[in-house]
Amino acid sequence: VTATVVITGMGVMCGVATGVDEFAGALRAGRGAAGRITLFDTTGFAHDLACEVTGFEPGRWLRGTTDLGRAAAFAAAASRMAVRDAGIDASGDEGPWRDRSGMVCVGTTDGGGYELDAMVRADLDDAPPQVRAALARKVPATTLSVAVARELGLSRAEAVTVATACAAGNYAIGAGLDALRSGDVEFAVCGGADAVSRRNFTGFYRLGLIAPDRCRPFDADRRGILTGEGAGVLVLETAESAARRGARVYAEVLGYGLACDAADPLAPAREGIARCMRTALADAGVMPAEVDYISAHGTGTRTNDVTESQAIHDVFGAAPPRTVGLKGMLGHTMGAATALAGIVCALSIRDGFIPPTVNHERTDPDCALDCVPNHGVSADVRVVQNNGLAFGGNNAVVVFGAAPDRRGRL
Amino acid sequence: VSMTSSRDRIRDIVLERTEVDDDVLDETSLFYEDYGLNSIVVVEIQAAIEMEYEVEIGKEQSLRMVNLAGVRAVFGEVTGIAGRTGHVNA
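Here the protein sequences come in this chain order: S and V. At position 388 of the first sequence the residue is numbered 388 (the numbering used here), and the sequence of numbers has no breaks. At position 70 of the second sequence the residue is numbered 70 (the numbering used here), and the sequence of numbers has no breaks.
Isolated chain V (complex conformation) (with noise of 0.2 Å):
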């Protein structure tokens, strides 16, 4: 049984809502510039997360969520749980 860590539940949550494969998804690529997504995807990620974990996120915070960088640096705010450092990959 694999434990899985609210790093990895951040990446599924993208990978869901923003249907990119996998293996092109990373952390710094553009949802915009490069994936070509439009604004309703990073709505619905924020969604995901808010209800998942029941934060709230801002409207200045969702601004920055601009890559898988960026969403993980914002969960780390309004959750605690560090994005970065916290990679436990059981």
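Same shape as in the complex, but just chain S (with noise of 0.2 Å):
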């Protein structure tokens, strides 16, 4: 018998909230964090807003070291809140998990890609070598992984990056599943990290990807992404666990489904899309009926969201579920992405509510999906699936659900 695998704690820093509760009211609000890009001279480029964290101090969150690069301390403090959440580390001390066996596993696209650019910038400085050597030391996407088991003093804990880009987060997510079901450790700590950099806005705007004033996915009009940041993270054990030390249960992770379609470095592929979200329903036991609201990958792109609404009519059939864009409030934070977008699905569970695409004016008849335009809305929400599209068609789909108690079947 497979084990059931449950959310517990959960951790937040993006552009919107910092923590839980407040991005449970942000999302209610259908809050944006877009705003003029203060982390990178923008000069020569032709729009630039992003969706920074503003005002971080690492050191409200943190009881380790401070000295982190930007995304691994993200990444540390959103693992600090999560575990706190699960009431972990109630007490103050290193927490009844330290020797136990564990998974950290975070997402991510970039790693140090903050620091990069700061050692780009120390060469064309030709700073001294040891200010190099420090920024060299943060750039490895390992770091982020490392930063979250040290802060949390987890020494038995397996700790993995996956760098699987705008998928990542549920990646690892579904590692955490994987480890936890298998009976191979005792908890997970998972999620997504990245930070804004100047390299990562410039790939995008490249590309021609990067919109000039809102990010408004499905809309008629949208004109792309703006690059975001920050973490999310989830702390994941068995409900039997969770059951043995009465810890709140948010959600259960349902299953999970991955797919490399390696077909063309950029677009989407159709048909891989549409496997990789049935693999997920497979792996969850749920047939597309059931699920109540899908937390699309939603970038804004024209392609993207395109391929991604064709994909979910291959699904789901003439009449979809609901397919909200987070995006639009959040920004793509890359990494954190399909993790913030798990906590959205999970809190939706709890307080019955679906967020909003914010931004939005007029439907894409070629996406023809109800994306709760604007305002959410009150539902019975039971079970959510959360997908994720990355570049090289490196797709991820978690499937979330209520608490077994809760959830019946249909």
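Because the hints were derived from the structure by calculation, they are not lab data. We put the CB at the ideal spot given by N, CA and C, even for glycine. It is possible that part of the hints are untrue.
Unchecked claim - One-sided and incomplete, this derived list gives chain V residues near chain S with beta-carbon spacing under 10 Å:
| # | residue |
| --- | --- |
| 1 | 33 |
| 2 | 35 |
| 3 | 39 |
| 4 | 46 |
| 5 | 63 |
| 6 | 64 |
As the list claims (entries may be wrong) - Distance windows between CB atoms, simulated:
| # | chain 1 | residue 1 | chain 2 | residue 2 | range |
| --- | --- | --- | --- | --- | --- |
| 7 | V | 8 | S | 370 | 51 to 57 Å |
| 8 | S | 127 | V | 64 | 43 to 49 Å |
| 9 | V | 64 | S | 271 | 55 to 61 Å |
| 10 | V | 64 | S | 287 | 40 to 46 Å |
| 11 | S | 127 | V | 28 | 50 to 56 Å |
If you follow the hints, you should be able to join the two separate chains into one complex; please do so.
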């Protein structure tokens, strides 16, 4: 019998909120994080908006070192929030999971990309070698999961960073689910993190994918993404473990699916996306008709939104469930995107609320979805599908459900 | 000494970025369907033209760069240099 895996803690660091409660409020309000870029010089770019985390003070959240890269600090801060939220370190000591076997898995697109920018700057400025060396240590993507394990004092956790770009957060949740199902670990701290950087912005700008004003998923006049940053972290454990320690359960992780199309570096493949969704639903033991809503990848680019919509119609038929594009509010937080969206899914299940697709004027007829435009709706949410679609066809879809005692069966 | 026209330079850029053989690249065969290229190549062609000629190619224009003729047409639009008829093979 495969173990039932549940979410018992969540940590959020992003442009619209810090922490789960603030995040839930921001989602209800349909708050957006877009603003002028402050983290690097945007001279020469025709537009300069992103969804930055402003006023981030690592020392407010971290007990251990704050000498971390920006993305690693986001990951560690959100992880500290998540274990606190799970009631693991309420006593203030290093926590009862310190000597248990666990997994830390963080998804990312750029790892220490922000520090890589700084290294280039240091090189141009002819900075002393020790300055460059200090930055170089913060660049590898592995620093993200290691920073989390160190901050939480998890000496027996396997620390893994998954660099599968914009779907990486879902990969991380899936890895944690597998590790718990197989009985390899007793807990998993999973999520994703990234920082806004000039390098990343320039890449998307070069591809013509940066929106000049707002990110408008599924809108007929959508013009692209706004890059964003932050971290989302979920604490996973078995339902049995949660019950034993009397932990609050947000939701169950029902299953996930992965697909690597490798068809084209940039263009998404409709069949590959559909295959990935079907794989996830099958793993979750859920019929398409049971899905109450979909958190879309919904980047707000012309290609993604049409291709994703077509694939959703392929899987769900003529009347697919409501499909929300969260990136209008949060921006595209890269490796953090699906982790933050996963937290949204869990909050939807807890609160009976589907957040809106903001900045919406007219739905693209080629998308033909109910994207819950501009105003969230109350609904009995029991099963949510979370899409993550990355370049290269590196797709990952996770399905969440209400806690087993509440979900029932259709 | 030969004077290379912009028309030849566009062909050179496409040859360099696509790595398609000179005797295989024609005006109308499609980058994706006929040569099996991927979308990054078009981005590279766009970037090379933008940097060399100090012009900007819009997203909608780049979507029309599906073959050499398409690249020439967009090049003509952004530079005002005729793509088809300005051919000088000196």
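Next on the checklist: Given residue 33 of chain V as an interface hint, is its Cβ closer than 10 Å to any Cβ of chain S?
Outcome noted: violated, 12 Å
Checklist entry - Does residue 39 of chain V meet its interface restraint, that is, does its C-beta lie within less than 10 Å of any C-beta in chain S? => result Cβ of residue 39 of chain V sits 4 Å from chain S, so the hint holds.
Checklist entry - When you take the CB atoms of residue 127 of chain S and residue 64 of chain V, is the distance between them in 43 to 49 Å? => result This hint holds: roughly 44 Å between Cβ atoms.
Checklist entry - Should the hint that residue 46 of chain V touches chain S count as held when the rule is a Cβ pair under 10 Å? => result Because about 8 Å separates residue 46 of chain V from the closest Cβ in chain S, which is inside the 10 Å limit, the hint holds.
Next on the checklist: A closest beta-carbon separation below 10 Å is what the hint needs, so does residue 35 of chain V meet it against chain S?
Outcome noted: Result: violated, 13 Å to nearest chain S Cβ.
Next on the checklist: Given the hint of 55 to 61 Å, is the C-beta distance from residue 64 of chain V to residue 271 of chain S inside that range or not?
Outcome noted: For residue 64 of chain V and residue 271 of chain S the Cβ distance comes to about 26 Å; the hint is violated.
Checklist entry - Does the Cβ-Cβ separation between residue 8 of chain V and residue 370 of chain S fall within 51 to 57 Å? => result holds, 53 Å
Item to check | chain S contact restraint on residue 64 of chain V - CB to CB distance below 10 Å | outcome: violated, 13 Å
Checklist entry - Once the shortest beta carbon distance from residue 63 of chain V to chain S is found, is it less than 10 Å? => result Hint on residue 63 of chain V: holds, closest Cβ of chain S at ~9 Å, below 10 Å.
Checklist entry - Quick one: are residue 127 of chain S and residue 28 of chain V within 50 to 56 Å, going by C-beta? => result holds, 52 Å
Next on the checklist: A range of 40 to 46 Å was offered for this pair. Does it hold for the Cβ distance of residue 64 of chain V and residue 287 of chain S?
Outcome noted: Cβ of residue 64 of chain V to Cβ of residue 287 of chain S: about 42 Å, so the range 40 to 46 Å holds.
Hint compliance for this structure: hints 1, 2, 6 and 9 are broken, all remaining hints hold.
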